[in-house]
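Chemist: Sequence:
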Amino acid sequence: MSNPHFVRLLQLLRQEREEDQREYLRQVRERPLAERVEQGYAWYPLLVVQTGFALGEKAFVLVERTTRLHEPHQLRAGQSVNFFTTTQHVEQPERTGIIHFVERNRLKIILQARDVPDWINQGQLGVEQLFDDRSYQEMERALLKVMQAKGDRLAELRDLLTGTRHPESRPTELPLEPASSSFTEEAMGLNASQHAAVQAILDNPNVAVIHGPPGTGKTTTLVAAIRLLCERESTVLVTAPSNTAADLLTERLATAGLNVVRIGNVSRVDEHILPHTLDAILARHPESRNIRKVKMQAAEWRRQTQRHKRTFSGEDRREREHLKQQVRELEAWATTLEARLVEQILTSAQAITCTLVGAANPLLERYKFRTCVMDEAAQALEPAAWIPILKCSRVVLAGDPFQLPPTVKSQDAAKQGLAITLIERCLELIPHQVHLLTVQYRMHQAIMDFSNQYFYGGALQAHESVRERLLSADYGIWNAELPPDEFAELPAEAPNAPTSIRHSTTPYLESVIFIDTAGTGFEEKINRRTGKDSSRYQSKYNPEEALLVREHLLQLLSKFPASALPSFGILSPYREQVNYLEQLVREDATLAPLLVPRTNEVRSGLAINTIDGFQGQERDVIYISLVRSNNRHEIGFLSDYRRMNVAMTRARMLLVVIGDSATIGNNPFYKAFLDYCAERGLYQTAWAYLQ
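If you read the sequence shown in the numbering used here, its first letter stands for residue 3, the second for the next number, and so on.
Among the clues, some could well be false.
[Claimed, not checked] When the alpha-carbon atoms are kept at most 30 angstroms apart in a straight line, the in silico DSS-like pairs for lysine-lysine are as follows:
#1 Lys417 / Lys673
#2 Lys147 / Lys370
#3 Lys152 / Lys527
#4 Lys673 / Lys527
#5 Lys393 / Lys60
#6 Lys147 / Lys417
#7 Lys527 / Lys147
#8 Lys393 / Lys411
#9 Lys411 / Lys527
#10 Lys393 / Lys370
#11 Lys411 / Lys673
#12 Lys417 / Lys527
#13 Lys417 / Lys60
#14 Lys60 / Lys147
#15 Lys370 / Lys152
#16 Lys147 / Lys393
[Unchecked claim] Just the calculated beta-carbon pair ranges, DEER-fashion:
#17 Arg28 / Glu93: 28 to 34 angstroms
#18 Pro599 / Glu525: 27 to 33 angstroms
#19 Arg291 / Leu567: 44 to 50 angstroms
#20 Ser565 / Thr349: 47 to 53 angstroms
#21 Phe562 / Arg28: 45 to 51 angstroms
#22 Asn632 / Pro277: 47 to 53 angstroms
#23 Asn633 / Gln52: 52 to 58 angstroms
Rather than coming from a laboratory, the hints here were simulated on the basis of the structure.
Yeah, the Cβ is synthetic: ideal placement off N, Cα and C, and Gly gets one too.
Put together the whole structure using the sequences plus the hints.
Modeler: Here it is in structure tokens:
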């Protein structure tokens with residue numbers, strides 16, 4: 003009898019796929035090319051920078067866009083795309099492929115073909131996003147295998163993770179702290195909670211869950227555990243939902259001295275990541291040059307066999323058949339040698355990193371692992387999480403259910419349970435196997451405490467190195483003596499503002515500031531390009547609020563010498579507000595030089611991004627533009643408190659939130675935050691900046 007949980011999960015997954023496809027058709031396929039380019043779903047026109055052969059019998063093409071340079075777009079590593087030409091009278095003017103990487107204005111496409119198309123040099127080239135059915139196919143295939151499992155290790159893990167079997171825990175043969183081990187808590191740089199989590203990973207033969215709130219060193223803990231696992235296991239499978247997260251793990255494991263191989267698509271070309279990709283490792287092998295030569299010769303001979311002639315003599319036919327035979331022999335030789343090299347690389351790796359869907363890569367089909375480590379598990383759809391679990395005998399789930407959730411496009415499927423992740427189920431079903439990391443190393447105590455109380459029951463502690471760390475002892479008005487009556491009265495239009503505003507007659511620095519726009523007329527607007535017909539996909543922005551962010555930032559910048567600027571981040575739940583803010587900054591002579599690209603993860607300068615796009619990053623100063631301001635008290639995306647938890651905990655030393663208390667103040671979460679700012683931080687009115 004099928005497990006009803008998985009039967010339901012399969013139904014919801016298919017529902018999600020249908021909604022995703024409908025959105026793709028509406029947003030992409032049904033729009034003219036010019037509009038697809040404007041919205042970032044296509045690049046056109048393109049220049050071909052390089053062509054060649056990738057792993058297996060696949061050709062690749064590296065292309066560069068020539069217009070809309072550095073503008074935001076929707077194309078990402080791992081996406082299915084259509085490489086096309088608009089040249090007239092061309093046979094098969096389209097080729098499908100997968101984006102291997104995106105770097106600024108360039109991207110590399112692995113074509114689903116042995117050769118690049120003949121029309122590649124004729125110009126008028128473009129690339130556009132396709133509906134990606136592959137991930138849904140892999141998730142559905144994984145669920146069916148889990149449902150059918152009987153009497154094996156997969157069936158045991160399924161029963162453990164659905165609560166139908168009670169988990170057991172026994173010590174490993176090699177404990178974390180043997181008398182002669184050099185991997186003590188001090189030597190590994192771990193605190194007590196991290197050390198206990200590593201020990202739990204080693205001790206548990208079934209499932210271990212690491213709950214890592216913001217700034218608590220979750221990745222550090224996982225790297226330490228994987229290092230020890232590699233001492234007793236041939237290879238550890240390390241996965242994450244996104245390419246970016248998988249790349250980060252790859253970099254950290256390599257820095258720790260492990261032989262790590264990155265499988266699949268890479269989200270950025272980075273000197274720290276690229277050498278660890280399977281393609282790069284193969285390219286460095288002495289035999290790779292011979293393999294490339296053989297592939298190029300086979301491709302040329304194959305093209306010769308496809309040339310059309312009006313008449314064929316017997317000699318022509320014999321020559322063509324001879325060429326075809328030579329092509330088959332060359333391709334077979336190249337394939338055999340390449341497969342042998344790949345096997346050598348993978349079997350010698352201490353850790354193999356990939357995305358969850360990437361674990362279904364045919365290259366890993368024959369491999370089984372003792373341990374699978376799944377980072378950012380709270381962002382993974384449960385069907386995707388089962389893909390790597392198929393390949394292992396025990397599971398380590400790491401993440402934070404109170405941060406970014408998985409993306410679910412079908413609201414109905416989300417309400418019915420598709421948005422509930424495997425790690426959330428574990429927190430409920432096996433709480434004794436959950437290990438909370440309790441010391442955070444990122445933010446000032448005052449920035450941490452609101453999230454700490456609201457989400458984590460007060461269990462977190464700020465490390466002494468950050469607990470009272472402030473921007474500066476001398477940065478102007480925020481370090482000045484505040485007049486007792488400066489904020490004595492707020493506008494009558496701010497009925498939800500705290501009634502108790504803290505005043506001070508002594509110098510102090512604040513780490514949390516809320517600037518209230520109630521009564522100023524800073525109303526939200528709808529993106530004209532999406533308009534009202536876009537239903538729930540419409541994006542909002544608030545131009546006056548954006549101007550206030552810029553004004554506050556300029557005032558703060560003026561207090562620092564150019565040689566000692568802090569780093570800044572400006573976040574908003576709404577992409578249209580991000581675009582508007584970015585435009586304002588680019589037009590400002592003081593701010594424009596500080597701006598870093600959204601795809602650049604350097605930790606300096608000024609970053610402007612959506613909350614989701616800023617995942618995993620942090621800055622000295624974070625601004626959050628809430629955008630929503632209406633007389634209906636509608637807050638939209640803001641009702642996802644987990645996203646706000648992420649945004650608020652990106653700041654190291656100063657958090658500035660700008661919003662309308664009259665709109666958000668009826669919500670319990672934001673009411674609590676407004677009260678917190680009044681009691682523990684600084685509560686200002688936007689009127690102070692309008693004079």
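Chemist: Against each hint, give a clear statement of whether it holds in the structure.
Modeler: Each hint tested on the structure:
no.	hint	result
1	Lys417 / Lys673	25 angstroms, holds
2	Lys147 / Lys370	15 angstroms, holds
3	Lys152 / Lys527	55 angstroms, violated
4	Lys673 / Lys527	24 angstroms, holds
5	Lys393 / Lys60	26 angstroms, holds
6	Lys147 / Lys417	25 angstroms, holds
7	Lys527 / Lys147	48 angstroms, violated
8	Lys393 / Lys411	28 angstroms, holds
9	Lys411 / Lys527	23 angstroms, holds
10	Lys393 / Lys370	5 angstroms, holds
11	Lys411 / Lys673	29 angstroms, holds
12	Lys417 / Lys527	28 angstroms, holds
13	Lys417 / Lys60	41 angstroms, violated
14	Lys60 / Lys147	29 angstroms, holds
15	Lys370 / Lys152	18 angstroms, holds
16	Lys147 / Lys393	11 angstroms, holds
17	Arg28 / Glu93: 28 to 34 angstroms	30 angstroms, holds
18	Pro599 / Glu525: 27 to 33 angstroms	31 angstroms, holds
19	Arg291 / Leu567: 44 to 50 angstroms	47 angstroms, holds
20	Ser565 / Thr349: 47 to 53 angstroms	51 angstroms, holds
21	Phe562 / Arg28: 45 to 51 angstroms	47 angstroms, holds
22	Asn632 / Pro277: 47 to 53 angstroms	51 angstroms, holds
23	Asn633 / Gln52: 52 to 58 angstroms	56 angstroms, holds
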